[in-house]
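S.K.: Here the numbering used here runs 52 ahead of the position in the sequence shown, where the first position is 1.
Calculated from the structure, these hints are not laboratory results.
A couple of the hints might just be wrong.
Unchecked claim - BS3-like, lysine-lysine: derived pairs with alpha carbons at most 25 Å apart: (1) Lys-201 / Lys-418; (2) Lys-529 / Lys-505; (3) Lys-215 / Lys-418; (4) Lys-358 / Lys-382; (5) Lys-80 / Lys-382; (6) Lys-470 / Lys-505; (7) Lys-201 / Lys-144; (8) Lys-512 / Lys-531; (9) Lys-546 / Lys-529; (10) Lys-512 / Lys-461; (11) Lys-441 / Lys-358; (12) Lys-516 / Lys-470; (13) Lys-358 / Lys-512.
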Amino acid sequence: MTMNMFKTLATVVVGLWAGVATANTDSKDLLIKFANTAALKSFTSLAHSGGARIETLGESQWVRVQLTEKQDLSLSEIAADPNVLAVQPNYKIRLLENYQAKTPAALAKLGRALMAPPIPMPGGEMPADNPPFPSNKIGGSGADSELSKQWGMNDIGVQAGWKHGKGAGVIVAVIDTGVDYTHEDLQDNLWRNAGEMGKDAQGRDKSANGVDDDGNGYVDDLMGWDMVTNDNKPFDLAMGPLDLLMKGGNPGHGTHCAGNVAAVGNNGRGVAGVAPDAKIMILRFLSEKGEGDTAGAIKAIDYAVKNGARVLSNSWGSEGEDPAEGEANKALREAIQRAEDAGTLFVAAAGNGHQGVGYDNDTDAKPAYPASYDHDTIISVAAIDVDDKFGSFSNWGRRTVDIAAPGVKVFSTTVGGKYSDMVIDLFGIQASWDGTSMACPHVAGAAAAYWSKHPTATWKDVKKAILDSAAPIAVAKGKLVTEGKLNFEALMQK
């Protein structure tokens, strides 16, 4: 590696590579892929001497470089160095949904409410901080009391399908905003890292001994990891309804998705997931504001693969990339390719359109990603309502969106041990749990259930079975690969 490149880190070099810089980037937060470890070590040494922060990313050759305010780098100069294979910004990644009041009608209602005399505000159900890990299982048996409210589960035929398999032995990574791991209907189905359980040589509890007992690079990672705060408590720190209206952000998104995947079945309480015997691995890379970045997504994907997840549920993404920019987010694409090479299935939400109006991922200048990437392992999922119509927000694509699943007014688990199909119902402003984010975990759960019935199947087998068993619906004709919706009953009869 040239010394000129290293000197750029200790000096100020103005300018950014126009082909990579976008409104969704930060010129002081970069991802660089080195050709060999010697080049990386040399770069790291000089980077630290200049005050920059360096972080390796998962199982990749990429590193994250965070510059100080006085530093800048020319991406074109870095890219020209023979020891650099690729360089890009650390692209921002967000949730597909944002519940901030923005429409004139909603803002007017909110304004009137805030000017009115004080009224009791709903609250108290949102933990102020990460709670401790639950130590005991809840157990229980009997019918799930809220199953009748889950129109989506009943629509895809879960009860008939469960006669053939419920996901036992299959780990699903919910890569999202975290999960309420104290929830009564999720706790028993949380993945537990066997390498961090039991007693160590000193007789200490492995889950809290401050040691990376299983050598996977994460200390005391009992249920997964929080890539946002870099700790072992990936709790879903949801916001209250007023904060959502005022500031936007995460409304307990990961907890709701996790319930759709694998809420405990037949435990005498609440709801059931599509795969009610599967295990949920919690990977938080999106904050309570619904914001994350490529570096966090890569680490989450690599963690899931390395630690045994067979299905990755991904209800996140963004509008873009522009095809004219080429493989702008090469680092994320490579992480998904590693997941494919390792034999996992990557289920992705198809996207919620421009300003909530769905569009064609095949032809739009900014198709939703990662759902529109060309990796074979991806199943891209659109959202339908109880009448087999697309949600008005749902993207589609004859070539790039595979199948539809329930995604409008979906009833599932929520933070604080609750259940709901409403995100906000306050001051006359309502928002239900809608989104391709809700459709995606239905398919992830179906994949886990099928895999439990066919444990020697490959991801290709599982994907083919899901797509081949889709039930045709009129709205999907010419708009989806399968031209149909998830049919769990038919899938599980295969």
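S.K.: Taking only the CA atoms, is the gap from Lys-470 to Lys-505 under or equal to 25 Å?
M.R.: Violated, at roughly 31 Å.
S.K.: Quick one, are Lys-201 and Lys-144 close enough, alpha carbons at most 25 Å?
M.R.: violated, 36 Å
S.K.: What's the verdict on Lys-546 and Lys-529, does the C-alpha distance respect the 25 Å limit or exceed it?
M.R.: OK: Lys-546 and Lys-529 at ~24 Å, within 25 Å.
S.K.: Taking 25 Å as the top limit, are the C-alpha atoms of Lys-215 and Lys-418 close enough?
M.R.: Answer violated: Lys-215 to Lys-418 is near 42 Å, above 25 Å.
S.K.: With the threshold set at 25 Å, check whether the alpha-carbon distance from Lys-358 to Lys-512 stays at or below it.
M.R.: holds, 19 Å
S.K.: Assess, step by step, whether the Cα of Lys-529 is no farther than 25 Å from the Cα of Lys-505, and give holds or violated.
M.R.: violated, 30 Å
S.K.: Straight-line Cα separation of Lys-358 and Lys-382 no greater than 25 Å?
M.R.: holds, 20 Å
S.K.: Does Lys-418 sit within 25 Å of Lys-201, going by the straight-line distance between their CA atoms?
M.R.: Violated, because 36 Å separates the two Cα atoms, which is more than 25 Å.
S.K.: Keeping to a limit of 25 Å between CA atoms, is the pair of Lys-516 and Lys-470 held or broken?
M.R.: violated, 35 Å
S.K.: Is Lys-512 within 25 Å of Lys-461, Cα to Cα?
M.R.: Status violated; Cα separation ~31 Å.
S.K.: Under the criterion that the straight-line Cα-Cα distance not exceed 25 Å, is the pair Lys-441, Lys-358 satisfied?
M.R.: violated, 38 Å
S.K.: For the pair supplied as a hint, Lys-80 and Lys-382, is the alpha-carbon distance within the 25 Å limit?
M.R.: holds, 18 Å
In summary, the numbered hints that this structure violates are 1, 2, 3, 6, 7, 10, 11, 12.
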